[in-house]
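Q: Each chain, letter by letter, is given below.
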Amino acid sequence: MRRVVITGMGPVSNIGIGLPDFTEALRLGKSGTGPIRGFDPTGFPHTLAGEVPDFRPEDLLTRIDPAEWGRSSQFAAAAARLAVADAGVDPADARTAIAVGTTNGELAPLVDMIEEWHTGAPGPPDPRAAAQIPGSRLGLAVAHELGATGETTVLGTACSAGNYALGYVYDLIGMGEADLGVAGGADSVTRFTHAGFHRLGAVAEEACRPFDRDRDGMLTAEGGVALVLEPLEAARERGATIYAEVLGYGMTCDAIHPTAPDADSIARCTRIAHRRSGVRPEQVDYICAHGTGTRTNDVVESTAMRAVFGDSPPPTSSIKSMMGHTMGAASGFGAIASALSIAEGFLPPTINHRALDPEIPGIDPVPNQSRPATVRVAQNNGFAFGGNNAIVLLGSVE
Amino acid sequence: MNDIVITGVGALRPGGAVAVPAEGRAGGKIDWAPPAGPACLVDFDAKAELGRKAVRFNHRSTVLAMGAFERALADAGLTVTDDNRDLIGITVGTTLGSVAGVAEFGVDSFDRERPYVVDAARFPSAALNCAAAALAIRAGLRGVNATVAGGPLSAVGALRHAQVMIRARHAQGVVAGSSEEFSAPDAWWGRTHRATGTPGEGAAMFVLEDAEAAAAAGRRVRARLAGTVVRAVGSVDADSVSRVVREALELSGVAAADIATAAVRATGVGEVDDAQTAGLASVLDVEPRFDEDAIGDCYSAHSALQLADVLERNPGEAALVLAADPDGALGAAVVTAA
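Those protein sequence lines, which keep their order, are chains A and B. Counted the way the UniProt record's numbering counts, the first sequence spans residues 1 to 398. Counted the way the UniProt record's numbering counts, the second sequence spans residues 1 to 338.
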């Protein structure tokens, strides 16, 4: 296996578009959530989400026409454009692999279509919307934007899909099946997603407070994220800025419940990720948590981390406290935060924090303020509906 | 590089075109009428075969995948035990799961009084990984569980993903394939999205295993998954088709003259389908095989159903399955005798 490093990062998020703004936001603990504007939230008791109102795809995209693509595809392609610019590479060839993770693909135009059928009668939908719906287009939007003609895949492994995508591209480059890769994720805020989490009692009223005694849930959010991966040797040869090395990753499936997570399965996933990365638990300096802000997640995630790390796991913060839950993009953003913890030497905070939940002893959520730290190994957690767990380990490159 | 073999095949294949009843199998909650015209439907008593629980909340695309999945496991003689449940994964290829499933989950949210009163048990239908997760729960398989959103490349993309998972030793085996349903919402969308004639439905799944592991388990080998290629080609033309086919053959170590069957799905886009035919003709000696007359257009499941049919009818032959996405992608998979 070739060693694989991260040399470019492109966040399109509600706390910052582009790496400098995103880094600053993580450092300052900015909040990117606010009132829903993407759809009419009348009737929902809780009406906050993490939309990206400043997203102007036409300002970021250089090749594809935003009008031809759904919002999630626009997010994916814009993030990829930022990432390759940050890396200073030209991926326009057949040796570049692309993987995009997503929970819902292009759900927004599908919701519009279903609403028309529901309020009117079933019939032929708007052809432009119909053309935008396949989830495969998130990957093709990236490929067309970059002019890349290599392997392109969209992994629909729900809320850990960003880690699946990162891992998949890491595998391809490591095994020599690609020489450059762009991995990430994208999703958009929709009425259906908001309604579903609302129905589960999982949507916060005012703020997302992971690991807090008084937390009351998550906030649905959106965005696009991309990371450029390449062999360590190639990165060194061209004098690239190396943010972190991908040490390895692990995946498990709970195979128990469609929506409820399982601590044993997550602990197993962590151990697999450690083993494949050649990392011992005591070497992990920071955990970028899945940290959705629901009690279920907090209890399950902290139980799993204590099972692997003992009574005092490494500092474990949730950037979802700032951004909300960006679904398939979430663990991609987590990967950027983890890489920045290594490259920039700080731990992003869990904001909105007031008091640690006594039910999850031993967790240090890096409350409210980012913290200077030397991070050599960071662990990026991603869990999902369907029990699709994926955990990525990143390390510093000496 | 470790060899990957196919040790089990399970397919739910549709019959010939029939008139669709007006209620159109729209699902439990939605009684929308489908577009007029025939469809190629799978005759599958899901309730009898899979049980009431499996059909109650799962959309048809998941249920069909489950039927094919169980047939594939049985065909391989693969019993899930504590010794193998962590080593075997699942990869399902799909376009968006099920339009009907998404609609059934979400329509209640259009109510402006209480938009949050949606059916929580159907919430997983809104996520692309619904089927893969349901199969894992059904069988207790805790290995790598993935979903590839591939549109027309769903089957080839799932096989490709499974191949990488086994090669990278994330899994010893992966049950991979794809499914597609016919229901009124899916048919209305599909009719506008693509001009491919009679819609079909179905699912096919394949048990893929590391050759050594399969031998150790005493498994009968149906074929070897020799190579897979997935490429974002920009625009699909004859040159790009022949390039991808050549690449698939080269990766597979198979000579063009040895390919006995080349199965292709018609996309309904004239220039793309001409490119598929011309591109294949420039590399292979065999006439491409389209199956729309027999099974309609099974979209996400089409290539999987074609591959299952080839493996059943022509065991021991080398075959190539080609899939094109008019949005700018090509995929090919090559199987050979073990």
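For the record, the hints were derived by calculation from the structure and aren't laboratory data. Incorrect hints may have been included.
Computed Cβ-Cβ distance ranges for the label pairs, DEER-style [claimed, not checked]: (1) A:Arg376 / B:Ala121: 43 to 53 Å; (2) A:Gln283 / B:Arg52: 22 to 32 Å; (3) B:Gly270 / A:Ala307: 52 to 62 Å; (4) B:Ala278 / A:Leu28: 15 to 25 Å; (5) B:Thr81 / A:Asp126: 48 to 58 Å; (6) A:Ala307 / B:Gly37: 49 to 59 Å; (7) B:Ala278 / A:Arg128: 28 to 38 Å; (8) A:Glu344 / B:Ala215: 19 to 29 Å; (9) A:Asp93 / B:Ser282: 18 to 28 Å; (10) A:Gly239 / B:Lys53: 29 to 39 Å; (11) A:Leu28 / B:Ser282: 55 to 65 Å.
Positions of the beta carbon are idealized from the N, C-alpha and C atoms, including for glycine.
Q: Compare the structure with each hint and give your call.
A: Now the hints, each set against the structure:
no.	hint	result
1	A:Arg376 / B:Ala121: 43 to 53 Å	holds (44 Å)
2	A:Gln283 / B:Arg52: 22 to 32 Å	violated (49 Å)
3	B:Gly270 / A:Ala307: 52 to 62 Å	holds (58 Å)
4	B:Ala278 / A:Leu28: 15 to 25 Å	violated (58 Å)
5	B:Thr81 / A:Asp126: 48 to 58 Å	holds (50 Å)
6	A:Ala307 / B:Gly37: 49 to 59 Å	holds (56 Å)
7	B:Ala278 / A:Arg128: 28 to 38 Å	holds (30 Å)
8	A:Glu344 / B:Ala215: 19 to 29 Å	violated (50 Å)
9	A:Asp93 / B:Ser282: 18 to 28 Å	holds (23 Å)
10	A:Gly239 / B:Lys53: 29 to 39 Å	violated (59 Å)
11	A:Leu28 / B:Ser282: 55 to 65 Å	holds (59 Å)
Against the hints set out earlier in the document, violations occur for numbers 2, 4, 8, 10.
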